[in-house]
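K.L.:
Take a look at the letters that make up each chain.
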Amino acid sequence: MGPLFTATDEWSFVIALVIGIAFGFILESAGFSSSRKLAGVFYGYDFVVLQVFFTAAITAAIGLIFFEYFGWIDLSAIWINKFYIGSAILGGAIMGFGFVLGGFCPGTSACAAAIGKIDAMLYLGGFIIGVILFDAFYPFYKGFYKAGNMGGALIFEDLGMSKNVFLLVFVMFAIVAFVATAYIQQRVSKKSKKY
Amino acid sequence: MSDTRIIKKRYIFMGIVFVGLAFLLVLLPEKQISKELKSEQLLQEINDNTRYYSTDDVAKKIIAGDLYMQLIDVRTAEEYNHFHLKGAINIPIDSILNKDKDGKLAYEYILNQDIKVNVLYSNGTIYSNQSWLLLRRLNFKNNYVMKGGLNKWIETIIKPMRPASVATQDEINRYNYRRAASMYFGGGTVKAAPDASNSPAPIIKKKAAKEEEGGC
Numbered sequence: 000m001g002p003l004f005t006a007t008d009e010w011s012f013v014i015a016l017v018i019g020i021a022f023g024f025i026l027e028s029a030g031f032s033s034s035r036k037l038a039g040v041f042y043g044y045d046f047v048v049l050q051v052f053f054t055a056a057i058t059a060a061i062g063l064i065f066f067e068y069f070g071w072i073d074l075s076a077i078w079i080n081k082f083y084i085g086s087a088i089l090g091g092a093i094m095g096f097g098f099v100l101g102g103f104c105p106g107t108s109a110c111a112a113a114i115g116k117i118d119a120m121l122y123l124g125g126f127i128i129g130v131i132l133f134d135a136f137y138p139f140y141k142g143f144y145k146a147g148n149m150g151g152a153l154i155f156e157d158l159g160m161s162k163n164v165f166l167l168v169f170v171m172f173a174i175v176a177f178v179a180t181a182y183i184q185q186r187v188s189k190k191s192k193k194y
Numbered sequence: 000m001s002d003t004r005i006i007k008k009r010y011i012f013m014g015i016v017f018v019g020l021a022f023l024l025v026l027l028p029e030k031q032i033s034k035e036l037k038s039e040q041l042l043q044e045i046n047d048n049t050r051y052y053s054t055d056d057v058a059k060k061i062i063a064g065d066l067y068m069q070l071i072d073v074r075t076a077e078e079y080n081h082f083h084l085k086g087a088i089n090i091p092i093d094s095i096l097n098k099d100k101d102g103k104l105a106y107e108y109i110l111n112q113d114i115k116v117n118v119l120y121s122n123g124t125i126y127s128n129q130s131w132l133l134l135r136r137l138n139f140k141n142n143y144v145m146k147g148g149l150n151k152w153i154e155t156i157i158k159p160m161r162p163a164s165v166a167t168q169d170e171i172n173r174y175n176y177r178r179a180a181s182m183y184f185g186g187g188t189v190k191a192a193p194d195a196s197n198s199p200a201p202i203i204k205k206k207a208a209k210e211e212e213g214g215c
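Chains as they are written, first to last, in numbering that gives the first Met the number 0: chain A, 0 to 194; chain B, 0 to 215.
It is worth saying that the hints were derived from the structure and are not from the lab. We treat Cβ as the ideally placed atom computed from N, Cα and C, and that holds for glycine. Be careful, since some hints might not be right.
Stated by the list, open to error - Residues on chain A that point at chain B, a partial pick, calculated with CB under 7 Å:
#	residue
1	I57
2	I64
3	G159
4	M160
5	N163
6	L166
What the hints assert, rightly or not - Below, computed lysine to aspartate or glutamate pairings styled on DMTMM-like, alpha-carbon distance capped at 25 Å:
#	chain 1	residue 1	chain 2	residue 2
7	B	K37	A	E67
8	B	K7	A	E27
9	A	K145	B	D113
Between the sequences and the hints, there should be enough to build the whole structure, so can you do that?
P.N.:
If you want it as C-alpha cells, here you go:
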C-alpha cells in the first residue's frame with residue numbers, strides 16, 4: 000500500500016485542498032484561531048498549542064511506525080525535508096518572535112483570517128510582504144540559507160538509538176511535558192485571573 | 000491526587016494508551032521489511048527485453064568515455080585478469096551476495112545505483128542474466144546485461160563480419176562502425192587488448208570518429 004498518489008499526480012492538488020480544509024477546520028475547532036490562546040504558551044496561562052502539537056506528533060509517529068510494521072506504508076518513500084542547521088535555528092527564532100508578537104503562526108493566521116479576524120488579516124498581509132522581501136533579497140543571504148545541509152536528518156539516527164526506543168522516550172517526554180505544563184498553567188492562572 | 004484535578008481522566012487514559020503502544024513497538028520483534036521485488040513484476044521484467052545492452056551500445060559508450068556506465072564482469076577473477084573490457088570491475092557471480100562485517104550486502108553501494116548504469120557481462124549471457132536476476136530480486140536498480148556477452152563482443156566488435164554485398168545501408172553502416180570500434184579496441188589481438196588499450200587509444204579514437212562520420 001501507499002503512496003496512494005504520486006507527487007506528480009494531478010490529484011495531489013485536490014488532496015492538498017481537502018487536507019488543508021480539514022486541517023483548518025481542526026485548528027479552528029481546537030481554538031487555534033484565537034491569538035490569546037496561541038500566545039498563552041509563551042506567558043504560561045495556556046499550553047493547548049504545545050499539547051495539541053505534541054499529541055499530533057506522537058499519534059502520527061506511533062501510527063506511521065505501526066503502519067510500517069504491518070507493511071502498509073514504505074517509510075523510505077516519504078520525503079524528508081533537508082535540514083539546514085543555521086537556517087533552521089535562525090528561522091525558528093524569527094518564527095518564534097513573530098509568533099509571540101503577532102499571536103499567530105502562519106497556518107493559524109489563515110484560519111483566523113477565514114473567520115474574519117482583522118488582526119489575522121493584517122498578519123497575513125505582513126506574511127506576504129515578508130515572502131516578497133525574502134525573495135527580493137535572497138542573493139544576500141543565499142550562502143547562509145544553504146549552509147550546513149545535513150540532508151534528511153533523522154534524530155534517532157543522530158542519537159544512535161533505534162527508532163522505536165526513541166519513540167518511547169519521545170512519548171514519555173511528551174507526557175512529562177503535558178503534566179508539567181498543566182501545573183504551570185494552574186499556578187499562573189491562580190496568580191492572575193485576567194484571562 | 001491533584002493530578003486528577005488538573006488533568007482530565009480521559010487525558011490520563013490517552014497517555015496510558017500512547018505509552019502502551021510505544022512500549023509494544025519496542026517489545027515487538029524486529030521485523031525485516033521485505034524490499035524484494037514482487038514476483039509478478041520480476042516475471043514481467045524477465046519477459047521484456049529492456050535489460051539488454053547490445054555490444055554496439057557498450058562499445059559506443061566506452062569509446063565516448065561515458066562516465067555513467069559501469070561495466071561489471073561477473074566471471075571469475077581468473078578470467079577477469081586474463082581479459083576484461085576497459086573500465087570493467089570484477090564482481091564474480093558467486094560473490095554478488097557477499098556480506099560485510101555488519102551483515103549487509105557488501106556490493107550494494109555499486110550494484111544498487113541511483114546515478115550510474117551498471118552493465119553486467121560474462122562470456123555468454125547466462126551468468127550475467129543470472130546475476131541480473133539476483134539483483135532485480137533484491138530490487139537493486141539500474142542494472143543491465145550486455146547481450147551475448149564477450150563471445151558476442153568478439154564476434155561483433157573485435158572481429159566484425161563483412162556484410163554480404165546485398166546488405167542494407169544500415170548493415171553497412173553498422174559494419175563500418177564496428178570496424179572502427181575494432182581498431183579502437185585493438186582488433187584481432189583480443190588478448191593484448193586490456194594492456195594495450197591505454198596507449199594506442201587516443202590516436203585511434205580520432206580515426207574511429209572519422210569512420211563513423213563517413214558511415215553516416
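K.L.:
In ascending order, which of the hints set out earlier in this document are inconsistent with the structure?
P.N.:
Hints 3 and 4 not satisfied by this model.
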